[in-house]
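In the numbering used here, the protein residues as written are 1 to 452.
Read the hints as simulated data drawn from the structure, not as lab findings. Accuracy of the hints is not assured; some may be wrong.
In silico lysine to aspartate or glutamate, DMTMM-like type, Cα no more than 25 Å apart, as pairs [unchecked claim]: (1) Lys389 x Asp412; (2) Lys389 x Glu346; (3) Lys389 x Glu434; (4) Lys389 x Asp424; (5) Lys389 x Glu375; (6) Lys389 x Glu403; (7) Lys389 x Asp419.
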Amino acid sequence: MAAPLTPPDDDPLGAALAAWRGARRWLVAFSGGLDSTVLLHALCSRRVHASTPPIIAVHINHQLHADAGRWQSCAEALCASLGVPLEVRTVRVRRTGGGLEAAAREARYAALESLVGEGDVMFFAHHQDDQVETVLLRWLRGAGLRGLQGMPAQRPLGRGQLARPLLEQPRGALEAYAAEHALNWIEDPSNTDTSLDRNYLRHEILPAIARRWPAYRGSIARSARQLGAAESVLDGLLPAPRRLVSVLGDPGIDVQELLALPDATASMALRGWLGGLGLPLPPAASLAEFLRQLRAGAGGPLLAWQEHRLCRFGSGVFLLPAAGERSPAGAQLMPGGTLTLAGGGELRLIQAGGQSGFRLAPGAALTLQWRRGGERCRLPGRAGNRRVKTLLQDAGIPPWWREQVPLLFLGDALVAVADLWLCDGPWFAPEGGEGAWRVCWTRNTAAGAIEL
């Protein structure tokens, strides 16, 4: 049973990894349980047989169980024994309407996504039994064509890719591999809690199905793949509304082209677009109501599900960035320095070069503030001060960003509105040059880190 995971290049795992040999890094979502332990060990074994990208394990501490600290220590010990660097991220799980399990998943994926850089691939250890459980749970919840395909073998994640190389492997193959290599792993006691839907299905329902239909795993997985193929054909036949990007980088689609489609087609177009972004899909009823409001001309209707939000603005329907807290006002930003913002993103003061910028006295720093109302900026070469609120509106800055745009002050004077505008004053250096600085604002949109 362990054979599918052994090193030869013609085994299924080798085929699944072939597309990722040119990745910058192999990151492994590593809980320390059976599945991720087998995956990490199997990936490390390939370092002996073929060149592989650097392998880095990532452990998420959810702080939800009394043994969370011990589990982290076990993960550290196993990675040390394999010679694999381990990144640990501690997250705070905020309970939402979707329940604790869904909230933990959201927090985990957000933390993992933040580590994925350009050219990276993040491996997950989901296997065939996980896929079957996912398909059945979605079927019982009334999922449509996309949901019944289960988990994709790969999809975008942050600036890189998510991949599931074990998705064709049954759990039994992983158990046999672990036994053959005498692996130790963490047992999460919640895996036996049948009050959770997935565990109830795993421990109560699927064993009965297996007694009657022992080949059910392959059959259900095959059906999921066939649904995926059918959707690919359908996607090629459906009109696709034009993709848009807001001034600050939010992904969107053209609302008029969307509304020109019949309801069923428009719904599929929206779901296809969201699925292409790697997002969970909103409930069908919520999506239908959102389209109804769009057709009725409601001002800026909002669709919210899990941690995601869609909103109409101008000519598009845009995916909003994750809602989060702002950094406290009053933080200092020195020339050459970086200020990391709550909720992702950062501010930097970089050398202006030949671009317009500003000069600061030795030891001076800018102070971060947020809009409170009444702020004004005199644009270089323009007469009179203009309200920051008006500048944001005239520039087409989406409403969900207008309270999130950082303002940088020197004492009581507004020097810069993020990297959008410089304000005139004795600090202003129209041609930049030596000793001149400018602001660089990187922000996290739903499309990832954006720097304009």
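Now the hints, each set against the structure:
| no. | hint | in the structure |
| --- | --- | --- |
| 1 | Lys389 x Asp412 | 18 Å, holds |
| 2 | Lys389 x Glu346 | 22 Å, holds |
| 3 | Lys389 x Glu434 | 32 Å, violated |
| 4 | Lys389 x Asp424 | 17 Å, holds |
| 5 | Lys389 x Glu375 | 8 Å, holds |
| 6 | Lys389 x Glu403 | 10 Å, holds |
| 7 | Lys389 x Asp419 | 16 Å, holds |
Hint 3 from the list above is the single one not met by this structure.
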